[in-house]
Amino acid sequence: MTRLQRICIYVVLLFLSIPALLPMAWMISTSLKADKQVFATEGKAAPTVSLRSLVPNPVQWSNYPEAMKTVPFRTYLRNTVFLCVVNVFGVVLSSAIVAYGFARCNFVGKPLFFIAMISTMAVPPQVTMVPVFALFRALGWSGTYLPLTVPSFFGAPFFIFLLTQFFRKLPEDMAEAARLDGATEWGIFTRVVLPLSRPALATCAIFQFMGTWNDFLGPLLYLNNPSSYTVAYGLQQFMSKNGGQWTLLMAGATVFTVPMIVLFFFAQKTFIQGIATTGAKG
Amino acid sequence: MFDGSGDPKSLGSSNVVRRLKAALGVVLLLGVIAVLAPPSDSERKYPNRIRVTFWHGFAGEWQPIYEGMADRFNASQTKYEVVPVSVPGDALTMKFLLSSAGGDTPDLLLNWDPILGTWADKGLIRSYDSVMTPAEKKKYLAETYPIVKRNGMYRGKIMALIDGLDFWAVYYRLDHLKEIGLDQNHLPKTLEELVDMGKKLDRFDDHHRLRRVGFLPQGLAGFVPVFGGTFNKDGHIVVNTPENLRAMRFLGESSKRLGNDNITRFTSSLAADAGPTMPLIAGNYSIMFDGEWRVKQVAQYKPDLPYIVAPMPAPAGGKPNACNTAPNYLVIPTAAKNPQGAWEFAKFCVGFTHPEDGGRNMAEMGWVPDDLSIAHSKSYQAYLKRYPQYKVFVDLMTSPNLGMFPQGSLQKFVMDEIQKAEDEVVRGTMTPEAGLAMVEKHLADEKQRLRRLGMPVGGSE
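Going line by line, the protein sequences match chains A and B.
Letter 10 of the first sequence, counting from 1, is numbered 10 in my numbering, and no numbers are missing.
Heads up: take any position in the second sequence, counting from 1, add 1000, and you land on my numbering.
Hints are not guaranteed to be accurate.
Said to hold, decoys possible - Here are the simulated EDC-like cross-link-like pairs (lysine to aspartate or glutamate), alpha carbons at most 16 Å apart as the crow flies:
id : chain 1 : residue 1 : chain 2 : residue 2
1  : B       : Lys1441   : B       : Asp1416
2  : B       : Lys1200   : B       : Asp1234
3  : B       : Lys1137   : B       : Asp1121
4  : A       : Lys69     : B       : Glu1061
5  : B       : Lys1149   : B       : Asp1129
6  : A       : Lys36     : B       : Asp1273
To be verified - Here are some chain B residues pointing at chain A (derived, C-beta under 7 Å):
id : residue
7  : Ala1059
8  : Pro1088
9  : Lys1095
10 : Leu1097
11 : Ala1101
12 : Gly1102
13 : Asp1104
14 : Leu1141
15 : Ala1142
16 : Pro1276
17 : Thr1277
By construction, these hints were calculated from the structure, which means they are not laboratory data.
For glycine and all other residues, C-beta sits at the position ideal for the given N, C-alpha and C.
Given these sequences and hints, build the entire structure.
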C-alpha cells in the first residue's frame, strides 16, 4: 500500500468517524464554555454547528468544579468503584468456573443445562424485575449493596458462554499433560486454563466494569440512601437539577464518560483480542 | 510442577511463592474493597424515634431545601424522624410501583406525574381521611383553597395533600413592548388584543425565518380554561365540548399564521427551557404564557430583566383570571409502615397547622400556599415583598376559573391522546373538530377495553 493510499484511507476513516465523534466533541466543548457561548442569544438567528463554534473562547474551566459541587461526586465515585471491583472479581471468577465445567467436564444433562443457561439471556431483566425485587426484599437485602453484588458471584450467562467458547478452543493436550503430572481438575483450571485465557477474562472484566459503571436501574431499585448512590444514579439526579445548564451538565457528563474512554484506550488491544478469539464478534 | 526445572526443591519453593503471590493478591483486593467500601447505612440522627421514609424527586438546589424541612420537622417534635430520600424525578414513579409490588414502599411520597386517579383506583395509596382527625378534616375542607381541594381529592376522598400547585400567567418583555410604543400600562385586555400585539412583535430574517416570536400559544390544556372549557365534568372526563373546540381552533389558527415549519425550526433552535438561556431571558419570545417558577428563575439569572406578569386576558366568550393548574402530590402509600408519621410531616410541609412554617417552606420552594392563613403568614409576605411579580399567582389561587388536567385512571392516556391530536392540528394534518373527535373515540375505546378486562375505568364510572 502506497503512502498516498494510506492517507486516503485515513481521510475516509476520519470522515466516517465524524458522526460518532461530533457529539463527544460538542460535549467536551460545551463543558468548557460560558453559558452565553453555547447557543445564540437575544435577537440572533439559530446557531449552526461549525468547527469554530466548537472552540470555547474563553475556556471556562470553572464549570468542572462547579458541576462537582452540585452532587457529592467523590462519594458516588467511591461507591461505583467499589461495586465495579466487587462485581468484576465476582463475575469473572464465577463465570470462569462455570464455563470450565461446560467446556471441559462431562456430566449428565450438560447440553440441557447449557441451553437453559443460554436461554436466560433471552429473558429481559424487566420481566424478572418484580420477583427478583420481592426475593431480595424477603431476604432483607433491600437498601443494601447485596442485591447489586451477590448475583455477580453466581456467574453471568453471556460471560459463561463467551468463556466456554474460549476454553473449548484451548488444546486438550496441555490439560492431558498436566493430568499426567498429577494435576487435579482445579489445578488444571487455575494453573493451565486461566493463565492462557487472559484476553477472554479481560474482555469479561471490561464488559462487567462498563455494565456496573453505567448501571442505573439496579441502584434505582435497591438503594435508598443518598450516601450509597452511584455515579450513573447521581448523574441522573444531576440532570434533573441542571436540565437548563448545559455547561454544567456537559461537564458532569464528561467526568462520567472519561473513565470509560480511558479504560477502553488502555484495554483496547486486549478487548479486541478477547472478542476475536472467542468468536463473539458479529 | 510446571516450572520446567523438575527439581523437587525448586518445585516446592515455586509453589510457596505462587501461593504467597495469590494470598497477597487476595489481601490487596480485600484491602481495596475495604478502602472503597461505603459507610454503613446509618443516616439517622434520632435512631430511637419512629422512622418515616419520605421519597421525593427533587435534586440539586431543591434537595437541601427539602432536607432542611425534614431537619426542622425532626427538631420540632420527639416522636418521628423523617428520612428524606431524593430519587431521580424521571424514575420516581417506576421505583414506587416496584416497591409497591415488593411491599416495601416509603411512608410518604411526593410526585408530580399524573398519578392520583390511577394510583387511587389501584389501591396503591391511602386516603388522608384515615389519618386525619375529624377536626383536621373539617379544617382542611373549610380553609383550603377550592382549587387545591379539587386537585387533591378523588372520588370524594382526600387522596393527596398538594405541596405546590403550578399556575400560568402571561409574561411580557417590557423592552420589546417599548419597540411598538407600549408599556406596562397598556397591556391587552382581551386575548384577541394580545394576539394582535404578538403579531407586531414577531421578527423575521431575510429568508422570512422567525428570529423572535411575539406570542406563540401552545398546549391545549393551558387554553381550555381560558376559553371557559374543562376536561372534567360530573366525575367524567370530557374532551369534545364547544369551549374546548374553540381552544383547539385557536391553537390551530396561531400555528397556521406563523407556519408550522417556521415554528418548528424556530423552537428547535432554542436553548434550554430553564437556566440563564431560557427563552424569556434570551428574548426568544416577547410574550409568554408560563408558570410561576419563572419569577424566581429570572431573579436568579437576570434580576434586571424588564418584564411584567399579568393574568391571561379572556377571549370573547371566555373567562378572565383563568389558567390550568398542575399539582405536586404528597401521597401516603397503602403499604406505608407509619402513615400517621407521614401525615404529621405532610402537614408540616404544607403548613397545615403551622402557617409560619408553611409560609417559609412555600417561599423556599417558590410555591403558592394551600390556604389563606399561609399566604398571610409573615414569612410568605416577606417572600412576596421580595418577588412582587409573584402576587399575580397568589391572587389567581382564588379565581373560580381555574382548570385541571383530566382526572382519573385514564388521565395519562387522555393527556397523551390530546397531545397527539394537538400535534396533528398545529401541523395542519387534521381539523380541530376531527382532532377532538379522535380523542373522544380513543377514550371510549379504551374504556370499553378496560371494562372488558375488568379493570377500573376511573372517575365516577
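Results for each hint:
Proposed proximity of B/Lys1441 and B/Asp1416 is supported: the alpha carbons are some 14 Å apart, at most 16 Å. A distance of roughly 42 Å separates the Cα atoms of B/Lys1200 and B/Asp1234; the hinted pair therefore is violated under the 16 Å criterion. Of the supplied pair hints, the one linking B/Lys1137 and B/Asp1121 is violated, its CA atoms being roughly 22 Å apart against a limit of 16 Å. Between A/Lys69 and B/Glu1061 the alpha-carbon distance is near 11 Å, which keeps this suggested pair within the 16 Å criterion.
Distance restraint check for B/Lys1149 and B/Asp1129: the Cα-Cα separation of roughly 13 Å lies within the 16 Å cut-off, and the hinted pair is therefore satisfied. At roughly 14 Å between alpha-carbon atoms, A/Lys36 and B/Asp1273 fall within 16 Å of each other, so this suggested pair holds. Restraint check, B/Ala1059 versus chain A: the minimum CB separation of about 4 Å is within 7 Å; hint holds. Look at B/Pro1088: its Cβ gets to within about 4 Å of chain A, closer than 7 Å, so that hint holds up.
Contact between B/Lys1095 and chain A, as hinted, is supported at the beta carbon level, the nearest pair being about 6 Å apart and thus within 7 Å. The closest approach between the C-beta of B/Leu1097 and any C-beta of chain A is roughly 9 Å, which is over the 7 Å cut-off, so the hint fails. The beta carbon of B/Ala1101 is positioned within 7 Å of a beta carbon in chain A (closest approach about 5 Å), and the interface hint is therefore held. The beta carbon of B/Gly1102 is positioned within 7 Å of a beta carbon in chain A (closest approach about 4 Å), and the interface hint is therefore held.
Contact between B/Asp1104 and chain A, as hinted, is supported at the beta carbon level, the nearest pair being about 5 Å apart and thus within 7 Å. At its closest, the beta carbon of B/Leu1141 sits 35 Å from a beta carbon of chain A; the interface hint therefore is violated under the 7 Å criterion. Hint on B/Ala1142 is violated. Least Cβ distance to chain A is approximately 37 Å, over the 7 Å limit. Hint status for B/Pro1276 relative to chain A: holds, with the closest Cβ pair at about 5 Å, below 7 Å.
Residue-level restraint check for B/Thr1277 holds (minimum Cβ-Cβ distance to chain A is 6 Å; threshold 7 Å).
Hint check: violations occur at hints 2, 3, 10, 14, 15; the rest are consistent with the structure.
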